[in-house]
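Peer 1: As a plain string of letters, each chain reads:
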Amino acid sequence: MPAVECSDLVLRYGATAAVDGISLQADAGEVVAVLGPNGAGKTTTIETLEGYRTPDSGSVRVLGLDPRAEHRALVSRIGVMLQSGGVYPMLSPRRAVELFRGYYRDPEPTDALLELVGLREVESTPWRHLSGGEQQRVSLALALVGRPEVVFLDEPTAGVDPEGRIGLRAIISGLRERGTCVLMTTHELTEAERLADRMVVVGTGRVLAHGTPAQLAVAGGDRPSVRFTSRAGLDTAAIAAALGAGVVEDGNGTYTLDAQPSPRLTADLATWLADHDAALVELRTTASLEETYLALVGSDHDRPHDGDPVPVRRRTRKTR
Amino acid sequence: MTLRRGETLLLTVGIPVVFVVFFSEVHVLPTGHESAVAFVVPGVLALAVMSTAMVSLGIATGFERGYGVLKRLGSTPLRRDRLVAAKIATVVLVELVQAAVLIPVGLGLGWRPAGHAGAVAEAVLLALLATIAFGGLGVLLAGILRAEVNLAAANGLYLILLLLGGMLVPVAKLPGALAAFARGLPAAALSGGLHATLGGGSAIPTESWVVLAVWAVATPVLASLTFRWE
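First to last, the sequence lines map onto chains G and C.
So that you can map any letter, position 300 of the first sequence is 300 in the working numbering, and since no number is skipped, the others follow by simple counting.
To convert, count from 1 in the second sequence and add 1000; that's the working numbering.
No lab work stands behind these hints: they were computed from the structure.
Every residue, glycine too, gets a C-beta built ideally from N, C-alpha and C.
Each statement offered as a hint is correct.
Here chain G is said to cover these stretches of chain C; the calculated rule only asks that three of the stretch's residues, wherever they fall, bring their Cβ under 8 Å from a Cβ of chain G:
id, stretch
1, 1067-1073
2, 1077-1088
Chain C is nowhere near these chain G residues, computed Cβ spacing over 12 Å in every case:
id, residue
3, Val122
4, Ala158
5, Asp197
6, Ala278
For reference, chain C alone in the conformation it holds in the complex:
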């Protein structure tokens, strides 16, 4: 059902592809010495993870709650853990589709990922950790806000994290205090890690692992404590 919704496809695949193509070809981003495409592809991969795990999952869950679907499912034999597992599987599946589209597009535009096979494995692991963190955040909002408010909140948060998350604009270009704040956000931790491995060929900074690990524990726990099914 997730991929049947037009707006989901636009958010999770359409926008990231447009970003990759546009910002790789139009050199407006302050990426410094790096070529635009080398910066943009890892950043947009981070954006793709955030779109799916936080925005798409969060909005869908919020509306399911608003429509009373979650309440109704509560009196069917469908178990809660099965429902949650199905949602996780959906998110991971969409992320695979995103990777399958974005990586060839990036390669076609001249992106050459740095590093060795181990770096890719590390990047995948980091992306999974980020999926948990973003997913928790999306469901946290969906569980406490009204569906329409949640829709606005998820989109607003998406925009803020897009700008502060080092996805299109390097965190280093932000003013000092804002940069420090941004570094504590899961978005910058993910994009920073992906830039380091896929862009720079170096190891993922410990800071990225720590920040994401904290978010990946905190948001699902908070979400499960505060989630209201109706």
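One chain only, chain G, in its complex shape:
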């Protein structure tokens, strides 16, 4: 049984479907990222799994339970980090953790939890005086207080500085080792790639692709290409002649070869560059994850939707 499972999930706000048939699942000890641009339906999906919304159709199960009908049995086994807010602004991290500890039967010790999320130094500072990243870490701590089996993190890296991101990565790795299932949303590809075992790419309420980062990187393989980075302004005609393939400089010393990747091609390219005293800075022989992602989200964006084109409404605004 997967820890988290939803199939053909549909949620509408009025006439528009925010989620239009999303299916996904996540197992214990697995970190799954729901990745997509703003407005893709990520938060609506995760909040349905948390039990905040009733699906218009489709089924949702968390630890085998219905998040709404069996809410009471489920809440003590999940941890939730909302996209924003959720904490009394006057509470310090320590008091917030202590307050939430009271809700669970076997909570984490306060000191250890504050240590884990790196809030010991500001543990007595009221929440409203904390930085954005520290506020996020308070939310994370509150999600972990009850030793949950499933953790939902909605945009956990938003507003978090690079150091905080490294800390978050360590915490998520720790959860994975404990056998906790982590389902997170993000619109940042690099974070999803670093944190997640699997990614579910969503756009306009539907799943566009899913798989491990490596699988997704290959999924863009319908446009095979070899890209390399070197000195700007190389003689592309000479390279093309030497390799027997077209070459385009995309600018700034990045070149795309119109050829199937092969060991021979790689060797020939390296030889040519060596002969011309040009360094081979970077070489990629498959479509990168980023290209795949942009291709997925971009083509989804271009696709005409029901009800398009949206008429532009002029809003009259009273001036004061």
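Place chain C on chain G using the hints.
Peer 2: For chain C alone, coordinates are given in the frame of chain G:
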């Protein structure tokens, strides 16, 4: 947490105490034949109930909603009925603190409550009914308005009910139509009842019981039907 907020203490204890002292000593209120303190203490006790049950509870709940605290609590094992029970307990506790401060102050200023022990019991019962009515009203507003709008609305309503509610100005002194309207409000029903028992030593008028009972049923029901948790 409620008593740690300075503004809560000011609203629920500070202002009522100031009112009792000021209007008992400075005879500006049109209280007629009654001594000022005899009129003011029951009126301010009514005001105290309204401050706590409607304004303090309503504003706090509105901000908890605005901060997403209520939403976040929705995914913890804290049950809704426990949360509501905790809020009711807080309101009653604050009201006890208010009574413990205001009654000695009133007595010190020469207030002599009329009536017998039964009157006090009746007054307490009426105050509890009013707590439900005001609490329902406060939470009703908190559940549908944005936190800042709710703050303004609760304070505005507080002022209106203070003036029309027979707390400082007897309802009888209001112009005819306004007085009739005011008598239908929970504020006047509570203060009228408290004036009758604690001031006049007579029984609480049926009108007070009926008006408050209607509000005490209507506002919590409406609040629970319309309340939005996020």
